[in-house]
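A.B. asks: Sequence:
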Amino acid sequence: MKYDFNKKDKLTKETYYKYDKFGRVVEEECIYDGENPVSNTYEYDSDTRKMYSKMTVKGKAGKILSENRTQIINGKQVFTVMTDGKLQNRSVSTLNSSCEGDVVTYDGSGKVVSVSVQKRQ
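The sequence shown begins at 1 in the numbering used here and counts up one residue at a time.
Mixed in with the good hints there might be a few duds.
[To be verified] Per label pair, the in silico range of CB-to-CB distance:
id	residue 1	residue 2	range
1	46	110	27 to 33 Å
2	111	22	25 to 31 Å
3	110	2	21 to 27 Å
4	88	61	17 to 23 Å
[Claimed, not checked] Okay, derived cross-link-like pairs now, SDA-like style, lysine to any residue, Cα gap no bigger than 25 Å in a straight line:
id	residue 1	residue 2
5	86	98
6	2	54
7	50	10
8	54	79
9	111	69
10	111	70
Because the hints were derived from the structure by calculation, they are not lab data. Heads up, the beta-carbon is just placed ideally off N, CA and C, and yes, glycines get one too.
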């Protein structure tokens, strides 16, 4: 459980967590100003992987707001964001364990919207 307060010490957000037997978050429920909760549900594709393979974001009344997936495809990490069943963006990362490599982000129609290159100095 986590509580966030504003500068006037008013509670602005309550966050509740559920964990799996490996200590990974499987559900995160956030309540803003006492309103209906927003929840994130995390799925993992193996017992050893720490990064989720799918995150589902649900808003009021359980409506799915987005589904975010992460997969390893041909040695590259691919992040996909879907809203209302439509692809919003996809990022393809070749970053290694030293955070060197590049990340290319595409919009829903497959056009490149950003390229980030990281190198150690």
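A.B. asks: Are the hints correct? Go through all of them and say.
C.D. replies: Outcome of the hint check:
no., hint, in the structure
1, 46 / 110: 27 to 33 Å, "29 Å, holds"
2, 111 / 22: 25 to 31 Å, "38 Å, violated"
3, 110 / 2: 21 to 27 Å, "38 Å, violated"
4, 88 / 61: 17 to 23 Å, "22 Å, holds"
5, 86 / 98, "33 Å, violated"
6, 2 / 54, "23 Å, holds"
7, 50 / 10, "34 Å, violated"
8, 54 / 79, "10 Å, holds"
9, 111 / 69, "19 Å, holds"
10, 111 / 70, "19 Å, holds"
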